[in-house]
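These protein sequence lines are chains A and B, in that order. Sequential numbering of the first sequence, starting at -14, is according to the working numbering. Sequential numbering of the second sequence, starting at -14, is according to the working numbering.
Since the hints were made in silico from the structure, they are not lab data. These numbers come from a predicted model, not from an experiment. Ideal Cβ placement from N, Cα and C applies to all residues, glycine included. Any given hint might turn out to be false.
Said to hold, decoys possible - Derived DEER-like restraints, expressed as beta-carbon distance ranges:
#, chain 1, residue 1, chain 2, residue 2, range
1, A, Thr144, B, Gly142, 19 to 29 Å
2, B, His212, A, Pro160, 54 to 64 Å
3, B, Arg235, A, Met94, 36 to 46 Å
4, B, Gly188, A, Glu185, 29 to 39 Å
5, A, Ala236, B, Asp181, 46 to 56 Å
Protein chains: 2
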Amino acid sequence: MPARPIAVFDSGVGGLSVVRQLRKHLPHESIVYFGDSARVPYGTKSPRTVCRFSIECARYLLRFDPKLVVAACNTASALALDELRAALPVEVIGVVEPGARAALQAATMSNARIAVLGTEATIASEAYPKALRRLAPQTPEIVPIACPLFVPIVEEGRTGADAVSRAVIADYLAPLRTSDPHVVLLGCTHYPLLADAIREYLGPKATIVDSGEQTALVVAERLGQTHATADRANRGTIQVFVSDNPPRFRAIGARFLQEEPHSVTLVAAEEYAGLDRVDCP
Amino acid sequence: MPARPIAVFDSGVGGLSVVRQLRKHLPHESIVYFGDSARVPYGTKSPRTVCRFSIECARYLLRFDPKLVVAACNTASALALDELRAALPVEVIGVVEPGARAALQAATMSNARIAVLGTEATIASEAYPKALRRLAPQTPEIVPIACPLFVPIVEEGRTGADAVSRAVIADYLAPLRTSDPHVVLLGCTHYPLLADAIREYLGPKATIVDSGEQTALVVAERLGQTHATADRANRGTIQVFVSDNPPRFRAIGARFLQEEPHSVTLVAAEEYAGLDRVDCP
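Turn these sequences into a full structure, and let the hints guide you.
Printed below as a string of structure tokens:
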């Protein structure tokens, strides 16, 4: 019998940056991934629609009998985590709380402010500030910044060295370029690909925390706690399912994952859409 | 009995720039509009998915017994026009051929090259070059340029005066900044909002053609030919239907339409999704 996989879903290709971290920390785990490339992005959509789409993505992956489900998409984690947990029969781990926890640790050490970067919907939800205040009522100052152009810039294949990327980074992050120390929380799966350029722009006073990497550490911890870690003899695989355009997913995904997935399969609408029978808010 | 409306659909809010032109040229017509804001954008998606979504949008609007259907979305017009025409019982007018025709006229007068600006999918489809060559085998040189960042820049509320907009315009359009005359075909509904900045960057040798405006003229002509023009006593209305997020649609749409629609109504997924029973390629 094959080992039970970890299920990961995302609005599109970005969640592969979380898969990359899972691979780094849990190389023996098999991963099934659903990328909703037919309806991407989620970051400009309403909570209700993000909730409905997220549950449909996760439900699709239940057929693989996963050990747990990772909501790799920050927007989905920010807007739909409670509903996902209510709708699914397995544990669901989002990226918001792991990211918030690590940012808080870093901020406390350096007495820094916490800048949260995310999509329009993630920032509007205030999910990160709420998580930070839940974890520590004496939270340092929080500076939320919506960075909607970071996703299309990365998807277009631009790197941090590109003139447009630099102009956009400067436009969003100018308020952080002060002498005060900052923890900069990358609250979107695409942003790690701009991390070097952000670090360079902000200088050494900025500490960058990637929610995706923190989430991989939490997954590893949870598997240990529940004695569900894959056997070291297991050769972890990555099976990808997408709701649209496998060639574009492969081309753009390569930069996020930095390895080849074992398969990329197109899923017909009938197989995932309409799976949500839950009332979303 | 109310006059039969013109149906207009788009992947989201951008088609309102076409509605604005329809209002200018046909103020007595009533318009029903479907914006697929739950699945926007189409410009990064596969032909098959664009085709399926487009037919679903148009089918939704058939309940209003429209005189004709306008595919305001350039990506939908480029990738799905034949399938829309096969699937719908009324005339369908796309934006590609009207834009191509006007660009060709302008280019012939000034002996200019034609630059086609559009989304990733519109440019990859080569719909504009094909239309240009169909209209005139001796077409001038065609320079296709995909400009994926123009849409999110406009949706973020940036104007042409903004530093990021200027950096992006310069990045995409530098090859056109020569002493040769150019016709610049705006092959996406969002681009008219950057027209002034594009004109300023390229200088007086550039002639800008907006596919949306040309389409409104074609619609007016067709209504005249078929004796279907609304009575001058008719007070044209704009009824908008969206698949997600009416508040965001209203907020961003105001810049495209420059008037208030008479209503903006959220449509549940069950009412439009799954309406496509046609085999898309």
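Against the structure, the hints come out as follows:
Between Thr144 (chain A) and Gly142 (chain B) the beta carbons are some 26 Å apart, a value that agrees with the proposed interval 19 to 29 Å. For the pair His212 (chain B) and Pro160 (chain A), the supplied restraint of 54 to 64 Å holds, since their beta-carbon distance comes to about 60 Å. About 45 Å separates the C-beta atoms of Arg235 (chain B) and Met94 (chain A), a value consistent with the hinted range of 36 to 46 Å. Remark: the range hint 29 to 39 Å for Gly188 (chain B) to Glu185 (chain A) is upheld by a beta-carbon distance near 34 Å.
At roughly 34 Å, the beta-carbon separation of Ala236 (chain A) and Asp181 (chain B) lies outside the given 46 to 56 Å, and the hint is violated.
Hint 5 from the list above is the single one not met by this structure.
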